[in-house]
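Novice: Given the sequences, and given the hints that come with them, work out the whole structure.
Counting in my numbering, the sequence shown runs from 668 upward without gaps.
Errors might be hidden in some of the hints.
Unchecked claim - Listed next, the in silico DSS-like pairs over lysine-lysine satisfying Cα-Cα at most 25 Å (straight line):
no. : residue 1 : residue 2
1   : K1024     : K966
2   : K1024     : K964
3   : K1007     : K931
4   : K931      : K1024
Simulated from the structure, these hints should not be mistaken for lab results.
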Amino acid sequence: MKKLFQLFFISLGICAAFFFLLTTVSNRSLYYSLTAGGTPLPPVPNALILPTLLEFDSALLGSLFFTLTAGILISLCICVIFVVADKRNPIQAADKQRLTWLGITLTLSVLLLLIMADTSVFHRIRDYLLLPNALGRAFTRFYYTYSPYAVTVLKPYASNGLETIGYLSILYSILGGLCRLGLIAAAPLFIFISLYYVLAEAASLLFSFRIANCIAALFMVVNIAGTLVYLYPSPNKNNPLDITALLYSNQNRYRVEGLRRMYKSGIAPRQFQRHLHNASTSPFISERYWAAKVLSKIKTGPSIRLLQHMTQDRAIATAAAAAGSLAEISCSPATIAHLKRVAENRPEWYIQAAAVKGIRKCRR
668 MKKLFQLFFI
678 SLGICAAFFF
688 LLTTVSNRSL
698 YYSLTAGGTP
708 LPPVPNALIL
718 PTLLEFDSAL
728 LGSLFFTLTA
738 GILISLCICV
748 IFVVADKRNP
758 IQAADKQRLT
768 WLGITLTLSV
778 LLLLIMADTS
788 VFHRIRDYLL
798 LPNALGRAFT
808 RFYYTYSPYA
818 VTVLKPYASN
828 GLETIGYLSI
838 LYSILGGLCR
848 LGLIAAAPLF
858 IFISLYYVLA
868 EAASLLFSFR
878 IANCIAALFM
888 VVNIAGTLVY
898 LYPSPNKNNP
908 LDITALLYSN
918 QNRYRVEGLR
928 RMYKSGIAPR
938 QFQRHLHNAS
948 TSPFISERYW
958 AAKVLSKIKT
968 GPSIRLLQHM
978 TQDRAIATAA
988 AAAGSLAEIS
998 CSPATIAHLK
1008 RVAENRPEWY
1018 IQAAAVKGIR
1028 KCRR
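Specialist: As structure tokens, then:
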């Protein structure tokens, strides 16, 4: 078992080095492509971010996105191949049982995640698990700050002449698939490692080894199931009465759920304008984010002014959502000028991208 852990971390280190080089090359390629020719619109990234493409920190922190997703998946596959192919040094019976339970638990957990999770599961994890606490908010800000350096590898900006063609587009698609699969596999893996050696070893003092493994595996699956149930707080009904009840709730996650349903349903949100104004000034980032999304459905002067104010929000996700919503409801010269100022003055890449996308949409 010790040898497997060593192999896993060595493989992960090699993957980290490879992805660091890949991100560095991508950043430099984007930098030289942007500086080679100008565009009539503020480029993304603009002068505030452009120099960071050549920095060591940007490549290192951006490559963490690949290391913790695709890198973990590749390292797991290498460990499995090692166990199957290494016949000269067969693993001990106890280690074989541990690996068997690891495989069973990971398989059940991944299946559970795939069955219960929908396309908005990552938004729900962000809104309900990460943003309510300081550590989660720090992680979210880190993600929105540095993940674009990795995204340029997967989805270069076509507007800047960086289209991927031929075999490169296939490689990018494969890497994107590895990241998605790795993200699904990584979460159960870390939960298993943290729970197994606490629960299984503690339970083994009272029960047999096999029963202890059963307890650890069952607890992990129940834990993931309970987390997903927490992410979906009530039946999914886009009913005005249900949405009103959610908006009047004292709990933040229920108010966020009401705003989410309002945005995704066909309900006209004009009757909830007071709630939207309160949500736009809420101390909770998730409420402000979904208020900005819902305001894209109300084409009124107060909504436009509120969204212009929200583009200066301290939360990156909220400001980017406000910039996108503003372009949805107004394409006036004043709106385009405001989005230009946002793209030129905000140092965050996500906000700049949303503002420039809104400008291009208005000029079509």
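Novice: Decide, hint by hint, whether the structure agrees.
Specialist: Each hint tested on the structure:
The straight-line distance between the Cα atoms of K1024 and K966 is roughly 19 Å, inside the 25 Å bound, and the hint therefore holds. Restraint check: the Cα-Cα separation between K1024 and K964 comes to about 18 Å, which is no more than 25 Å; the hinted pair holds. Taking the CA atoms of K1007 and K931, the gap is about 28 Å. The hint is violated against a cut of 25 Å. Straight-line distance between C-alpha atoms of K931 and K1024 comes to about 21 Å, which keeps the hinted pair within the 25 Å bound.
Checked against the numbered hints above, the structure breaks only hint 3 and satisfies the rest.
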